[in-house]
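**Student:** So the protein lines, in turn, are chains A and B. Residue numbers for the first sequence follow my numbering, so the first one is 79 and each next one is one higher. Residue numbers for the second sequence follow my numbering, so the first one is 79 and each next one is one higher.
Among these hints, one or two may not hold up.
It does not matter which identical chain is meant; a pair holds if it fits inside one copy or across any two.
Within a straight-line C-alpha distance of at most 20 Å, the following computed SDA-like cross-link-like pairs (lysine to any residue) qualify [claimed, not checked]:
(1) K102 <-> V130
(2) K102 <-> P160
(3) K102 <-> G92
(4) K102 <-> R162
(5) K102 <-> F83
(6) K102 <-> V156
(7) K102 <-> Q181
No lab work stands behind these hints: they were computed from the structure. These figures come from a predicted structure and were not determined experimentally.
Protein chains: 2
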Amino acid sequence: MANLFENLPVGLPGELFETLARGKHVRIERIVSHGQVSPDGFWYDQSESEWVIVLQGSARLRFEDEAADTELGVGDHVLIAPHRRHRVTHTGTPTVWLAVFFQDGSAGHCRKD
Amino acid sequence: MANLFENLPVGLPGELFETLARGKHVRIERIVSHGQVSPDGFWYDQSESEWVIVLQGSARLRFEDEAADTELGVGDHVLIAPHRRHRVTHTGTPTVWLAVFFQDGSAGHCRKD
Chain A
79 MANLFENLPV GLPGELFETL ARGKHVRIER IVSHGQVSPD GFWYDQSESE WVIVLQGSAR
139 LRFEDEAADT ELGVGDHVLI APHRRHRVTH TGTPTVWLAV FFQDGSAGHC RKD
Chain B
79 MANLFENLPV GLPGELFETL ARGKHVRIER IVSHGQVSPD GFWYDQSESE WVIVLQGSAR
139 LRFEDEAADT ELGVGDHVLI APHRRHRVTH TGTPTVWLAV FFQDGSAGHC RKD
């Protein structure tokens with residue numbers, strides 16, 4: 079057993095990404111931010127779906143298809159569809175995110191052997 | 079956007095399970111308990127992996143292969159392997175869980191069309 083709010087890093091130059099659990103089609107990550115934001119002009123453009131929640135601190139996301147930022151406080155969660163371009167415009171110090179990345183597997187199909 | 083800690087049910091006779099997001103191989107659920115425990119002699123025996131975290135309140139889990147309960151406070155998370163039998167022996171009022179159920183897909187294989 080581990081605790082999501084323990085062993086928070088301090089003094090790191092960047093964000094810390096840690097995989098808490100993973101399956102063939104899913105990855106659960108803790109992300110700890112300390113004020114980092116996405117570089118100017120950078121957009122995340124991911125092939126996976128991402129469900130993300132802020133569990134400590136606060137953050138702002140900007141979706142390319144929206145005019146204004148989305149503010150996230152503790153408990154706020156969003157589902158980001160694959161290739162929906164977005165960037166992080168604010169994070170608190172610290173901000174603890176929990177993110178679940180997953181593939182729908184719709185590009186192929188599965189069968190039993 | 080929604081908030082995990084809002085719209086908590088009150089006065090329900092049972093636990094409330096809500097799917098927050100899902101993919102072909104993954105399901106993200108909020109579970110709200112109000113003191114419920116597993117019935118005597120009942121064991122969860124799931125075909126999926128379950129990663130679960132307590133985010134409000136507290137709980138105790140008992141794994142059949144362990145002699146003592148596992149105590150879960152806020153932020154504590156565990157990964158429960160498929161078919162690892164377990165039961166809930168205590169929940170606070172309320173207890174908010176976040177659970178990610180996922181399949182490894184190892185029973186078959188996937189291919190592109």
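**Student:** For every hint, state whether the structure bears it out.
**Tutor:** Evaluated hints:
| no. | hint | in the structure |
| --- | --- | --- |
| 1 | K102 <-> V130 | both (19 Å within a copy, 18 Å between copies) |
| 2 | K102 <-> P160 | both (17 Å within a copy, 14 Å between copies) |
| 3 | K102 <-> G92 | neither (27 Å within a copy, 33 Å between copies) |
| 4 | K102 <-> R162 | between (22 Å within a copy, 19 Å between copies) |
| 5 | K102 <-> F83 | neither (26 Å within a copy, 30 Å between copies) |
| 6 | K102 <-> V156 | between (23 Å within a copy, 18 Å between copies) |
| 7 | K102 <-> Q181 | both (9 Å within a copy, 8 Å between copies) |
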